[in-house]
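Protein chains in written order, with this note's numbering: chain A, 1 to 255; chain B, 1 to 225.
Worth flagging that the hints you see were computed from the coordinates, not collected in a lab.
Just the calculated beta-carbon pair ranges, DEER-fashion:
#1 S41(A) x L113(B): 19 to 29 Å
#2 S41(A) x L199(B): 53 to 63 Å
#3 A35(B) x T245(A): 53 to 63 Å
#4 S143(A) x F72(B): 56 to 66 Å
#5 G149(B) x D59(A): 32 to 42 Å
#6 H13(A) x R131(B): 24 to 34 Å
#7 Y46(B) x D159(A): 22 to 32 Å
#8 R216(B) x W206(A): 37 to 47 Å
#9 D173(A) x G149(B): 27 to 37 Å
#10 G64(B) x A140(A): 33 to 43 Å
#11 G67(A) x K49(B): 36 to 46 Å
#12 I143(B) x D59(A): 31 to 41 Å
#13 K49(B) x S73(A): 21 to 31 Å
#14 P224(A) x T51(B): 46 to 56 Å
Remember, it's a predicted structure, so these values are computed and weren't measured experimentally.
Where a beta carbon is used, it is the ideal one built from N, C-alpha and C, also for glycine.
Spelled out from the first residue to the last, the chains are:
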Amino acid sequence: MNNTPVLKVQDIHKSFGNVEVLRGVSFEVEKGETKVFIGPSGTGKSTLLKCINQLTIPDRGNVWLNGREIVHSHVKINLYRQQMGMVFQNFFLFDHLTAVRNVEISLIKVKRMNRKEAREKAMEELSRVGMADKANSYPAELSGGQAQRLSIARALAMDPEVMLFDEPTSSLDPELTGEVLDVMRKLARGGMTMVVVTHEMGFARWAANEIFFMDEGVILESGPPAEMFTRPRFERTRRFISRMTELYAEEQSDG
Amino acid sequence: MLRGFNAVYDSLPYILSGIPITLGLVALSIALGLAIGVPMAIGQTYGNKETGRLISLYVWLFRGLPNLVLLFLFFFGVFPMLGIRLSPFVVAAIALGLRSAAYQTEIFRGAFLSLGEGQMLAARSLGMSKRKAIWNIMFPQAIRVALPGWSNEYPILLTDSSVAYAIGVMEILTRGNQMVTRTYQPMPIYFTCALIFILLNFGGIRLIHMIENLIRIPGFGREEQ
Ligand SMILES: Nc1ncnc2c1ncn2[C@@H]1O[C@H](COP(=O)(O)OP(=O)(O)OP(=O)(O)O)[C@@H](O)[C@H]1O
Ligand SMILES: [Mg+2]
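With the sequences and hints as input, model every part of the structure.
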């Protein structure tokens, strides 16, 4: 069992209408690894993440979670989704619930925990992302950084096998990205298995075991950060990375 | 003038005892409309195409029929034909309720749509079934969005409820009418009826605002006052 990857994605295809957004994407993530996806807008990164937990059903291809095939597993998909935490660019917090209720609702309704246990677990997760003091705030009362940390806590509460991040800092003001990236670094250090779509080159360089450059629905090239940052095979990759690195550096010096 | 006062004074207890009947009719039809309208709104928003089409047809049909036509159709047509004997009160509640259901469907559909697909995506990503997501995440939010529009159903049904006069339900207007034929004082008595409707309307709206304030969420929906 040692060499079964936590997540294995094979030959995912997806079209919307007659536009083929994903044209055969394959990769694997071993336990404790962080794999980072980068690439221009509209190349299918969000679609890929949604295909992994079947929020979008791929037209072709397979996904294995700990060696079990999960595509088209109708009834069980809710079981598999519990094991894949997802963090969205726009948080999608439950606006009618306080922070702690946001975290515990799935524990109560999905995991069928009793209220007391769920509350304890939810408070633990809030502490983990530094949000314990905001337990009774509503999403609309939180800053973007706090909101995103809360959404990470909500996903972590389910004790997922793998976390999927879709540009978790892209809708944040530059000065707020740090607190979210800190939480993600802590997760990576703690051995969480992660798939991260991001434009934060600093984070990618630090956290990634492997970086995938996506372009027009395929992984154009991949490699460890050192390789991708210094000697990418494709000119497109090099240009993209250097542009993103400049933006990132500007933000850093601004803030 | 004095005769007018006397007529009102003599009729008042009789007319006032129509209030529970009017309010009962309103409450029943709102409840029936809610019980049918919410599931139909959910079916239209989250169901398949065929379900959606069927519900649209219902909404279109019931919104297109005048209340009085619906009332006569049910009272003299549908129920007698089916051999079901119901009191005028119950028939009126059903007719008004089915029509209100059409409007409430539209109100709640708008509320569900306003929530955006992100809430559903987040709920599903945590492993909630569609049913759980709708019930625990979408519906509690939709209720709050819908409430201001939904509370309009009260004054609408309150005023519509007087059509029940036409099939002899003993509501406020029916009783007022009877007192007019007895006292020959139409102006003071209809004025009294009007006043009762206005007061009921006012009181009901106050109550609804109180409920709205009770379930308000900070930073969600209407601004803090
Ligand atoms: N539900 C949908 N229906 C139709 N087209 C869609 C849908 N979802 C995505 N697309 C299209 O698929 C393409 C890829 O979208 P996707 O969101 O996956 O890109 P992305 O790489 O995440 O881009 P970004 O960096 O801007 O987030 C886009 O052209 C988008 O318009
Ligand atoms: Mg995207």
